[in-house]
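Participant: Residue numbers (the working numbering), protein chains in the order written: chain C, 132 to 397; chain F, -19 to 242; chain Y, 339 to 494.
None of these hints come from the bench; they were simulated from the model. Any given hint could be a false lead.
[As the list claims (entries may be wrong)] Subject to a maximum C-alpha distance of 27 Å in a straight line, what follows is the list of computed DSSO-like cross-link-like pairs (lysine-lysine): (1) F:Lys4 <-> F:Lys25; (2) Y:Lys420 <-> Y:Lys366; (3) Y:Lys409 <-> Y:Lys420; (4) F:Lys0 <-> C:Lys279; (5) F:Lys0 <-> F:Lys167; (6) Y:Lys398 <-> Y:Lys366; (7) C:Lys279 <-> C:Lys160; (8) F:Lys37 <-> F:Lys25; (9) Y:Lys398 <-> Y:Lys409; (10) C:Lys160 <-> F:Lys30; (11) C:Lys279 <-> Y:Lys344; (12) F:Lys37 <-> F:Lys93; (13) F:Lys0 <-> C:Lys160; (14) C:Lys160 <-> F:Lys167; (15) Y:Lys398 <-> Y:Lys420; (16) F:Lys4 <-> F:Lys37; (17) F:Lys4 <-> F:Lys30; (18) F:Lys37 <-> F:Lys167; (19) F:Lys30 <-> F:Lys0; (20) C:Lys279 <-> F:Lys30; (21) C:Lys279 <-> F:Lys93.
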Amino acid sequence: MLAWILQTTTRLIAGLGSATLGALQGLGKRALFVWAVIPALPYSVWRIRLLMKQIYFAGVLSLPIILTAGLFVGMVLGLQGHHILTTYNSEEAVGTMTALSLIRELGPVVAALLFAGRAGSALTAEVGLMKSTEQLSALEMMAVDPMKFVIAPRILASIIALPMLAMIFIATGIFGGYVVAVGWLGVDDGAFWAQMSEQVDWYDDVINGLVKAVVFAILIAIIALYEGYESVPTSEGVSHATTRSVVHASLVVLGVDFILTSLMFT
Amino acid sequence: MQNAPLIEIENLSFYRADRKIFDKLSLQIPRGQITAIMGPSGTGKTTLLKLIVGQLKPSSGRVLINGQDVNQLSRNALYELRQQMGMLFQTGALLTDLNVFDNIAFPLREHFKLPEPLIANLVRMKLEAVGLRGAYALMPAELSGGMARRVALARAFVLDPQMLFYDEPFVGQDPITMGVLVSLIQKLNASLNLTSIIVSHDVNEVLSIAEFACVLSEGRIVEQGTPQELQQSESDYVQQFLKGLPDGPVPLHYPVEPWSVG
Amino acid sequence: MTRQIKAEIGVGLLVLITLVSMVFIALKVSNFSALQDRPSYQLEALFSNVGGLTVRAPVKVSGVTIGRVAKISIDPISYRAKVAMDIYNDYNDLPMDSSASILTSGLLGSQYVGVEIGGDEEVLADGARFNYTQSALVLESLIGRLMVSLTEGGDK
């Protein structure tokens, strides 16, 4: 019995140890990846055509989903906000509530989650496919650094695209909240906007929301591209990498959002 | 210098996980000739190519190109050296979002600031050489396998390299395409004064153009020499491989426990 | 080439929609327009309690914004809260005996400084201090005072 307990404990500790080592190794590999990309980033700023194409893929193609989701999220906020605030006889505050929740949290976070699903997965699949069809090797053989030509423009494009998408998401959401609260539930039009602009601060709220979006963009792009770049070059490997990319990116966005919120809005 | 081998491989060992791929392999690849590296699937022929061009690092041993140790080179020096190399990949590895013309122009545009008309001329010359000048506007997805490989070949020598590496150029091609590729490789080598290294298991095609050939097995070179010398090799293994016999030193059956009933 | 043009049109569209969104958020949703530096002069007021007043909260006369709270600190002499306000130059004729109080807009609204205009001939100049102030209403002290007055009333 004692021997069994001893054996199980040892196995548990060994398991914990190997899991920790594995996690550290994974972290180290990602850090090396980032380290290798950084010197390539300034170079890709000047490749306007390349950058333009990537912003198109990451940003423009994500536009429909961002517009639709933003509108619905805003409408739901308007509806729920109105229900709750009516109990306190202050349904005029529904504008403030909608705007603040969108600008501070839902805008950057939901846009980032949609971006991870729409653009992040596409980045992983694309780079994974480039690896499995030897295009990355071919670039190296042509003495072209894949970091400069493939990875860096995509990171930069994400950093440009996601904050834009988050802003569009916020604006659409507020419009959705307006339609429901003012157009449908009869909240006073003037009070809706007046209270909102009174309470929403440009620096504390809007700029912080934008900073969040930039941080999320960097994280999503690095996770997605790392998974693609390091994927097992088979169709199965690429599909696993794509799933992992979306799951990891979403979890990281939610976790980092908590940290950022606690730092920004004290 | 003219007679010194272009590529020297010295005591090269390579492990993947714990599996030994190469064990103290040594080989000298002569300058200005077509060299064939042959062996059955799974002997690590492609891995050997990647070791030669410095995409993989050996566990021990050296690879010298023109007397330079590939693995001691800085990143920039290695990229400098790679401009002297062209490689034809198994899948062609054309960049999928560029058309044929831009794919071939790609190395030129990346490395040299040339006026667009000059690039257009160079690209058209290379396309003419592989017989695809009319296909310049097609996207890689619109090309047949054989055409894609010819476009990739045009791209591989667009920088006028010293060496051309072919990774299984004949796999999965119909006999006509194979014939086209064989004569292309031969013509290119002769007219551009190249050193060509072909990795393949298509014995007949390769031996018809190679001037020097070697056979790989279990991480070592089992035989090397001119094609004639190989044909007369006394090694059973080489004979089995060259003649494509189903059974011999390489057994038909995967290692298995003796079958016993009960 | 057409693919490149398509990408350029798409990105242009994206930038355009983003700009519209930004302008909308700046002008309609947030206080961005109120943050623009308008020529202003500074006034001070001491309060024994500022409650939830924050920097950049509006200063209002009869509901019209005439300035913003610039800084909230502790007065080293009286140990009361010192609120510095930037008042727009358009309103440089506030009478000397005007009073400042901390008020709340609506039940759940934010707090602001309300200025009650007095009748003095002299005006508050740059750097001057309000002589009459009323602190923020704190619910606990309000209830406390109510209880006291109720019990006193019972004694009579």
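Participant: Compare the structure with the hints numbered earlier in the document and write down the numbers of the violated ones, lowest to highest.
Facilitator: 2, 4, 5, 12, 14 and 18
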